[in-house]
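Required output: the full structure, derived from the provided sequences and hints.
Protein chains in written order, with numbering that gives the first Met the number 0: chain H, 0 to 94; chain C, 0 to 94; chain U, 0 to 94; chain Z, 0 to 94; chain D, 0 to 94; chain R, 0 to 94; chain P, 0 to 94.
Keep in mind that the hints were calculated from the coordinates and are not lab data. Any given hint could turn out to be false.
The calculated label-pair distances, taken between Cβ atoms and stated as ranges, are [to be verified]:
id: 1; chain 1: H; residue 1: GLU94; chain 2: D; residue 2: GLY51; range: 36 to 42 Å
id: 2; chain 1: U; residue 1: GLU55; chain 2: P; residue 2: LYS38; range: 42 to 48 Å
id: 3; chain 1: C; residue 1: GLY51; chain 2: U; residue 2: ASP78; range: 21 to 27 Å
The list that follows gives simulated cross-link-like pairs (lysine to aspartate or glutamate, EDC-like), each with its CA atoms no further than 20 Å apart [stated by the list, open to error]:
id: 4; chain 1: P; residue 1: LYS60; chain 2: H; residue 2: GLU94
id: 5; chain 1: U; residue 1: LYS46; chain 2: U; residue 2: GLU87
id: 6; chain 1: U; residue 1: LYS75; chain 2: Z; residue 2: ASP88
id: 7; chain 1: H; residue 1: LYS46; chain 2: H; residue 2: GLU94
id: 8; chain 1: R; residue 1: LYS60; chain 2: R; residue 2: GLU15
id: 9; chain 1: U; residue 1: LYS1; chain 2: U; residue 2: ASP78
id: 10; chain 1: H; residue 1: LYS80; chain 2: H; residue 2: GLU12
id: 11; chain 1: C; residue 1: LYS52; chain 2: C; residue 2: GLU12
id: 12; chain 1: H; residue 1: LYS3; chain 2: C; residue 2: GLU55
id: 13; chain 1: D; residue 1: LYS80; chain 2: R; residue 2: GLU55
id: 14; chain 1: H; residue 1: LYS3; chain 2: H; residue 2: GLU94
id: 15; chain 1: D; residue 1: LYS80; chain 2: D; residue 2: GLU55
id: 16; chain 1: U; residue 1: LYS46; chain 2: Z; residue 2: ASP88
id: 17; chain 1: D; residue 1: LYS52; chain 2: D; residue 2: GLU94
id: 18; chain 1: C; residue 1: LYS60; chain 2: U; residue 2: GLU94
id: 19; chain 1: U; residue 1: LYS75; chain 2: Z; residue 2: GLU55
id: 20; chain 1: D; residue 1: LYS85; chain 2: R; residue 2: ASP88
id: 21; chain 1: H; residue 1: LYS46; chain 2: H; residue 2: GLU87
id: 22; chain 1: H; residue 1: LYS3; chain 2: C; residue 2: GLU87
id: 23; chain 1: H; residue 1: LYS80; chain 2: C; residue 2: GLU12
id: 24; chain 1: R; residue 1: LYS85; chain 2: R; residue 2: GLU12
id: 25; chain 1: H; residue 1: LYS3; chain 2: C; residue 2: GLU33
id: 26; chain 1: U; residue 1: LYS79; chain 2: U; residue 2: GLU15
id: 27; chain 1: R; residue 1: LYS60; chain 2: R; residue 2: GLU33
id: 28; chain 1: H; residue 1: LYS75; chain 2: C; residue 2: GLU33
id: 29; chain 1: R; residue 1: LYS85; chain 2: R; residue 2: GLU33
id: 30; chain 1: D; residue 1: LYS52; chain 2: Z; residue 2: ASP78
id: 31; chain 1: R; residue 1: LYS52; chain 2: P; residue 2: GLU94
id: 32; chain 1: C; residue 1: LYS79; chain 2: U; residue 2: GLU94
id: 33; chain 1: H; residue 1: LYS79; chain 2: C; residue 2: GLU33
id: 34; chain 1: D; residue 1: LYS59; chain 2: D; residue 2: GLU87
id: 35; chain 1: C; residue 1: LYS59; chain 2: C; residue 2: GLU87
id: 36; chain 1: C; residue 1: LYS75; chain 2: C; residue 2: GLU12
id: 37; chain 1: R; residue 1: LYS3; chain 2: P; residue 2: GLU87
id: 38; chain 1: C; residue 1: LYS38; chain 2: C; residue 2: GLU87
id: 39; chain 1: U; residue 1: LYS3; chain 2: Z; residue 2: GLU94
Predicted model, so just to flag it, every value in this text is computed and none were measured. In this text, a Cβ means the ideal position worked out from N, Cα and C, and glycines have one as well.
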Amino acid sequence: MKIKPLQDYILIEPLEEEKKSKGGIVLPDTAEKEPQQGKVIAVGPGKHLSSGKIVEPGVKKGNIVLFRKYGPDEIKVDDKKYLIAKGEDILAIIE
Amino acid sequence: MKIKPLQDYILIEPLEEEKKSKGGIVLPDTAEKEPQQGKVIAVGPGKHLSSGKIVEPGVKKGNIVLFRKYGPDEIKVDDKKYLIAKGEDILAIIE
Amino acid sequence: MKIKPLQDYILIEPLEEEKKSKGGIVLPDTAEKEPQQGKVIAVGPGKHLSSGKIVEPGVKKGNIVLFRKYGPDEIKVDDKKYLIAKGEDILAIIE
Amino acid sequence: MKIKPLQDYILIEPLEEEKKSKGGIVLPDTAEKEPQQGKVIAVGPGKHLSSGKIVEPGVKKGNIVLFRKYGPDEIKVDDKKYLIAKGEDILAIIE
Amino acid sequence: MKIKPLQDYILIEPLEEEKKSKGGIVLPDTAEKEPQQGKVIAVGPGKHLSSGKIVEPGVKKGNIVLFRKYGPDEIKVDDKKYLIAKGEDILAIIE
Amino acid sequence: MKIKPLQDYILIEPLEEEKKSKGGIVLPDTAEKEPQQGKVIAVGPGKHLSSGKIVEPGVKKGNIVLFRKYGPDEIKVDDKKYLIAKGEDILAIIE
Amino acid sequence: MKIKPLQDYILIEPLEEEKKSKGGIVLPDTAEKEPQQGKVIAVGPGKHLSSGKIVEPGVKKGNIVLFRKYGPDEIKVDDKKYLIAKGEDILAIIE
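Below is the structure:
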């Protein structure tokens, strides 16, 4: 089974605290303004500007990204949690 | 009788919890941010951008989609429930 | 006497519950999100996009339509109730 | 003395209940969503779209119109009440 | 000393009740939706539309105008009160 | 040290009441809608319109301007107070 | 490890009060409207205007900037605090 995001939606597998501390980034989960880390699983085709042009997402499958924790919708596939985030809620790529 | 959506409205037959668990996706219906699964029955011609261009819906009849549960309007045809969702509330196609 | 809608306003004669059940659609009038059925009596010339282009209404005189119940303004002509709805509140055509 | 509306403002002489019942339209003045009838006295040159194009008003001097009751500003000239309405608050022309 | 408005700001000298009643317009100062009369002292160069075009103000120095009472900012020059109004708050020219 | 505003931000040195009364303008500091006087110290390159065009600020270094008191951000350099205002909060130039 | 901002996001290392007072700027941290100083660590590719054009950030790596304190999201890398700010929250460059 495959989930194909539409528009500029991005399917993300959230990374657990354990994984995150390996990468050196610690994101305390107390404050509301702290973004979360995740892995991009699939990206939508992009967002239409009012001019008719399409802005393709700035991320691709496999990227580790920082995104706003409170924006995305949550789904479960085979008991595993995924998130569907709007492109504008993805802040940065971690390399 | 036939319902033809206008603009970028999408007519959806919501999928029951039973059907959903077959596909492996379980969507707990407790939290407000969890999207719902459904089958696309009919799609509108698309949405006009301010430039005058039309954005055709990214889904078509027969697609199984994930959509935001609290956006769509609900109607009944011959005692069966359908939903009319805005294109922007459709998050992804499930294949 | 004739009422000619402006912009993308649509003049609608709301259909009574009795008429609706004939067509097979039953719209319970309890929930706020349930759209209503009606017959298009007259349509405005269309809406100007910021580019200057005009979007003509997707419906025409005689169409049976589904529209959002709480958007339109209500008027009475010779004791009969009509509604004036914005184009964006018309969800679908019923054929 | 003459009042010349700017932009897409429309100067309207509101019609009294007595005049309205002659035309066959009765507008009960209880509910907030009921539009009002009036006579167009003067119209502004039109509204600028962001593209720079001007949308001329869809009504002209002498038209009997239906407009939203709670939008317009009220002025008095020689003890007679007039209203200045935005173009978007004019719903229809009555012929 | 001279005040030169920027953008589509308009410098207005408000007219007193005494002056207004001469012109035949009486503006009771009780209700919030009643516009006020004033004399245009200076006008800004105009407002930029998103297309880059400039919309010049529809009024000029010396015009007697009707404007929304609660929008403008108030300043004092040599103990005399003036108002700086946005172009969109000027409703009409009185001739 | 030099502060170079970005976008359409304007760096302003607010003028004290003493200085203002010399110029003949007295701005009572009681009401919230009263703009304040200041001297332009530096201007940003301008604001991008959605068309991609840049609107350069209508003011330049040295101008005495009227601006909305409650919009700007406040900073201190060597114990002296400055303000950083958005272009749209600058109402007029005083000459 | 490297954080690459997307869109017009800017990665900032906030400067401590101690460092700031060296530069002569003292920013009392009491009022909500006071911007903060920081050093630009990385900048995103820019923001898409609706016309499809990209506005590149007005700042670059190494710049010392003033930004609005309450806009940015906060992250920690190896126990050091960084901020990710929207381009519009960067007010000025300090040289």
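A quick look at each hint next to the structure:
1. Distance hint check for H/GLU94 and D/GLY51: the Cβ-Cβ separation is about 38 Å, which falls inside the suggested range of 36 to 42 Å.
2. Here the CB-CB span from U/GLU55 to P/LYS38 is close to 55 Å, at odds with the stated 42 to 48 Å.
3. Take C/GLY51 and U/ASP78: their Cβ atoms lie about 42 Å apart, and the range 21 to 27 Å is violated.
4. Distance check on the hinted pair: P/LYS60 and H/GLU94 sit about 17 Å apart at the alpha-carbon level, within 20 Å; holds.
5. For a cut-off of 20 Å, the pair hint linking U/LYS46 to U/GLU87 stands: about 10 Å separates their Cα positions.
6. Distance check on the hinted pair: U/LYS75 and Z/ASP88 sit about 18 Å apart at the alpha-carbon level, within 20 Å; holds.
7. For the given pair, H/LYS46 sits about 25 Å from H/GLU94 by alpha-carbon distance, which is inconsistent with the 20 Å threshold.
8. Taking the CA atoms of R/LYS60 and R/GLU15, the gap is about 18 Å. The hint holds against a cut of 20 Å.
9. Taking the CA atoms of U/LYS1 and U/ASP78, the gap is about 15 Å. The hint holds against a cut of 20 Å.
10. Proposed proximity of H/LYS80 and H/GLU12 is supported: the alpha carbons are some 7 Å apart, at most 20 Å.
11. Among the hinted pairs, C/LYS52 with C/GLU12 is inconsistent with the structure: their alpha-carbon atoms are about 29 Å apart, more than 20 Å.
12. Note on H/LYS3 and C/GLU55: the hinted pairing holds, with a Cα-Cα distance of about 17 Å set against a maximum of 20 Å.
13. The straight-line distance between the Cα atoms of D/LYS80 and R/GLU55 is roughly 31 Å, outside the 20 Å bound, and the hint therefore fails.
14. The suggested pairing of H/LYS3 with H/GLU94 is violated, with an alpha-carbon distance near 24 Å, which exceeds 20 Å.
15. Between D/LYS80 and D/GLU55, the direct Cα distance comes to roughly 25 Å. Violation of the 20 Å bound is thereby established for this hinted pair.
16. Proximity of U/LYS46 to Z/ASP88 is assessed by CA-CA distance (about 14 Å); at most 20 Å being required, the pair is judged to hold.
17. Among the hinted pairs, D/LYS52 with D/GLU94 is inconsistent with the structure: their alpha-carbon atoms are about 29 Å apart, more than 20 Å.
18. Note on C/LYS60 and U/GLU94: the hinted pairing holds, with a Cα-Cα distance of about 17 Å set against a maximum of 20 Å.
19. For the given pair, U/LYS75 sits about 29 Å from Z/GLU55 by alpha-carbon distance, which is inconsistent with the 20 Å threshold.
20. Under the criterion of a C-alpha separation no larger than 20 Å, the hint pairing D/LYS85 with R/ASP88 is consistent with the structure, at around 11 Å.
21. Distance check on the hinted pair: H/LYS46 and H/GLU87 sit about 10 Å apart at the alpha-carbon level, within 20 Å; holds.
22. This hinted pair checks out: H/LYS3 and C/GLU87 have alpha carbons roughly 15 Å apart, not beyond 20 Å.
23. Restraint check: the Cα-Cα separation between H/LYS80 and C/GLU12 comes to about 25 Å, which exceeds 20 Å; the hinted pair is violated.
24. In summary, the hint linking R/LYS85 to R/GLU12 is supported, as the alpha carbons are separated by about 14 Å, within the 20 Å threshold.
25. A distance of roughly 17 Å separates the Cα atoms of H/LYS3 and C/GLU33; the hinted pair therefore holds under the 20 Å criterion.
26. A threshold of 20 Å between alpha carbons decides the hint, and for U/LYS79 with U/GLU15 the separation of about 12 Å falls inside it, so the pair holds.
27. The hinted pair formed by R/LYS60 and R/GLU33 fails the criterion: a straight-line CA distance of about 23 Å is larger than 20 Å.
28. Only pairs whose Cα atoms come within 20 Å are accepted, and H/LYS75 paired with C/GLU33 is accepted, the gap being roughly 9 Å.
29. In summary, the hint linking R/LYS85 to R/GLU33 is supported, as the alpha carbons are separated by about 17 Å, within the 20 Å threshold.
30. Only pairs whose Cα atoms come within 20 Å are accepted, and D/LYS52 paired with Z/ASP78 is rejected, the gap being roughly 41 Å.
31. The suggested pairing of R/LYS52 with P/GLU94 is violated, with an alpha-carbon distance near 27 Å, which exceeds 20 Å.
32. For the suggested pair C/LYS79 and U/GLU94, the alpha carbons sit about 17 Å apart, so the restraint of at most 20 Å is met.
33. For a cut-off of 20 Å, the pair hint linking H/LYS79 to C/GLU33 stands: about 14 Å separates their Cα positions.
34. A C-alpha spacing of about 14 Å is found between D/LYS59 and D/GLU87, which places the hinted pair at or below 20 Å, so the restraint holds.
35. Distance restraint check for C/LYS59 and C/GLU87: the Cα-Cα separation of roughly 14 Å lies within the 20 Å cut-off, and the hinted pair is therefore satisfied.
36. Distance check on the hinted pair: C/LYS75 and C/GLU12 sit about 10 Å apart at the alpha-carbon level, within 20 Å; holds.
37. Using a Cα cut-off of 20 Å, the hinted pair R/LYS3 and P/GLU87 holds, with the two alpha carbons roughly 15 Å apart.
38. At roughly 16 Å between alpha-carbon atoms, C/LYS38 and C/GLU87 fall within 20 Å of each other, so this suggested pair holds.
39. Taking the CA atoms of U/LYS3 and Z/GLU94, the gap is near 8 Å; set against the 20 Å cutoff, the hint holds.
In this structure, the hints that do not hold are numbers 2, 3, 7, 11, 13, 14, 15, 17, 19, 23, 27, 30, 31, in rising order.
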